[in-house]
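These are the residues of each chain, in order.
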Amino acid sequence: MGRDDPAPARELVTMIMRKSHSTDRVSASGAGDGDIDDGNLVALQARWATTLLIGLDRAIEFAGTTPLTEVVARTWCTLAGEHERLRRVLEANIERSSQLRTATDLEYRMLALAAGLADLDDDMRLTVQVGQRFHDSILFGDSPHPVVPTPQSEMA
Amino acid sequence: MRADAARNLDAILLTAARLLGEDPGTSITAIAAEAGVSRHVVYRRFENREALRDAVFHTKLDAVDVVLGDARLDSAPVAVALHRFVEGIIAVDRHYPIEPDQMRCDDEGHGRMLEQREQVATFMRRAMDERLIRSDLPDGIVHALLYQIIAMLARQLRDHDPARTADIVVDTFLRGVSQI
Numbered sequence: 001m002g003r004d005d006p007a008p009a010r011e012l013v014t015m016i017m018r019k020s021h022s023t024d025r026v027s028a029s030g031a032g033d034g035d036i037d038d039g040n041l042v043a044l045q046a047r048w049a050t051t052l053l054i055g056l057d058r059a060i061e062f063a064g065t066t067p068l069t070e071v072v073a074r075t076w077c078t079l080a081g082e083h084e085r086l087r088r089v090l091e092a093n094i095e096r097s098s099q100l101r102t103a104t105d106l107e108y109r110m111l112a113l114a115a116g117l118a119d120l121d122d123d124m125r126l127t128v129q130v131g132q133r134f135h136d137s138i139l140f141g142d143s144p145h146p147v148v149p150t151p152q153s154e155m156a
Numbered sequence: 001m002r003a004d005a006a007r008n009l010d011a012i013l014l015t016a017a018r019l020l021g022e023d024p025g026t027s028i029t030a031i032a033a034e035a036g037v038s039r040h041v042v043y044r045r046f047e048n049r050e051a052l053r054d055a056v057f058h059t060k061l062d063a064v065d066v067v068l069g070d071a072r073l074d075s076a077p078v079a080v081a082l083h084r085f086v087e088g089i090i091a092v093d094r095h096y097p098i099e100p101d102q103m104r105c106d107d108e109g110h111g112r113m114l115e116q117r118e119q120v121a122t123f124m125r126r127a128m129d130e131r132l133i134r135s136d137l138p139d140g141i142v143h144a145l146l147y148q149i150i151a152m153l154a155r156q157l158r159d160h161d162p163a164r165t166a167d168i169v170v171d172t173f174l175r176g177v178s179q180i
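Protein chains in written order, with our numbering: chain A, 1 to 156; chain B, 1 to 180.
No lab work stands behind these hints, which were simulated from the structure alone.
Keep in mind that the hints are not guaranteed to be accurate.
Here are some, though not all, of the chain B residues that point toward chain A, as calculated from beta-carbon distances under 8 Å [what the hints assert, rightly or not]:
no. : residue
1   : N8
2   : L9
3   : G36
4   : V37
5   : H40
6   : V41
7   : A163
8   : R164
Have a look at the derived ranges for each label pair, beta carbon to beta carbon [what the hints assert, rightly or not]:
no. : chain 1 : residue 1 : chain 2 : residue 2 : range
9   : B       : P138      : A       : A46       : 49 to 59 Å
10  : B       : I168      : A       : D136      : 45 to 55 Å
11  : B       : D65       : A       : L126      : 25 to 35 Å
12  : A       : L126      : B       : D107      : 27 to 37 Å
Here are a few chain B residues that sit away from chain A, every Cβ distance over 12 Å (derived from the structure) [unchecked claim]:
no. : residue
13  : L19
14  : S38
15  : A121
16  : I133
17  : R158
18  : R175
Bear in mind that the values here come from a model prediction, so they are computed numbers and not experimental data.
Beta carbons are placed, not taken as given, at the ideal position from N, Cα and C, and that holds for glycine.
The task is simple: from the sequences and hints, build the whole structure.
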C-alpha cells in the first residue's frame, strides 16, 4: 500500500484504531511491517498523541497534590494499556521509521512539559531528550508505575 | 534561557499567532492542542488568552525591531533600505499573522507599534527628500499604501519567498500598475 492510495491507507489506520483496545496477541508489528507505511505510522502516532493529550489534560485537572511526574506516568500507562494494540504497532516500527521517530518527538516534548520536567523557556531539542528518558523510564520499568507489555518483553 | 535555540515557548507563540490571526476568539485549549502540549502547560505561564495574546504581540514587535535595525532606514541607500524593510516585514507577518487592530488591546504593545510606525514614517520622509517617492500626496497616504500593498501581496503570494514577494511589493509600490 502506498501513499498514492489514500482510501485503503485511511481504512488501515481506522482499523488499527478500532482494534487498538484489543488485547489479542498479534505479531510484533501488530499489522505486519509490510502493511504500514511511514504516512500511516505518523497518522497513528498523531492519534495516539491526541488521545494522550486529552488524557493528560483531564488527569492534571484532577491531580490535586499528586506529583505531576506520577500523574503523567500513570496516565500514559493507563492509556497505553487501553490501546495496547496501537502501542504495539508504534513500538514495533519506531526503529525502522525515521518519520515515526520525528513524530514521536512531539510526544516526548508533551510528556516532559506536562510532567514539569521542562519549562516553556527550555530548548525544544533538550526537552525532547528529557521527555524520551522519562518515557523510557515508564516503558522499561524504572518507574514505580505499572508497565505495559512491549514487543521486546513479550519476545524475551 | 538560550537565545540561539528554539524554545518550547516559541512553538506556542507561533501556533497562537497563527490561530489568533485566523480567529481572535481561539481558546487556549485549542492553541495548546494544536501546539501539542497540555493546556495546563500554557496556563502555568499565561493566566488567560489575553496574556498569551499580549506575549504574541510583543514577540512580533521584537521581530519588527530586528527588521527595522537590519534595514538601516536612516543610513542605507533608500531603495536598498526599502527592500530590506519590506522583505523583513513580510517574513514577520507570515510568522505572526495578527492584524494590527488586535494589537491595540494591549496599551504597551500599541505604543511600541506606533513608535515603529513613526520610524517608518521618518524613512518615508527621507525617501521623499531623496525623490524616490512623491511628496505631493496627502499626509500618511504613502505610508498607508505601502502597508496595504505589503499585507495584500504577502497573503496572495504565499508560494513566493519573502525576497521574491518583496521584489513585487516594492516594484508595485514605486511604479504602480501603469504601462504608460
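Quiz item: Broken hints, numbered, in rising order?
Solution: 7, 8, 14
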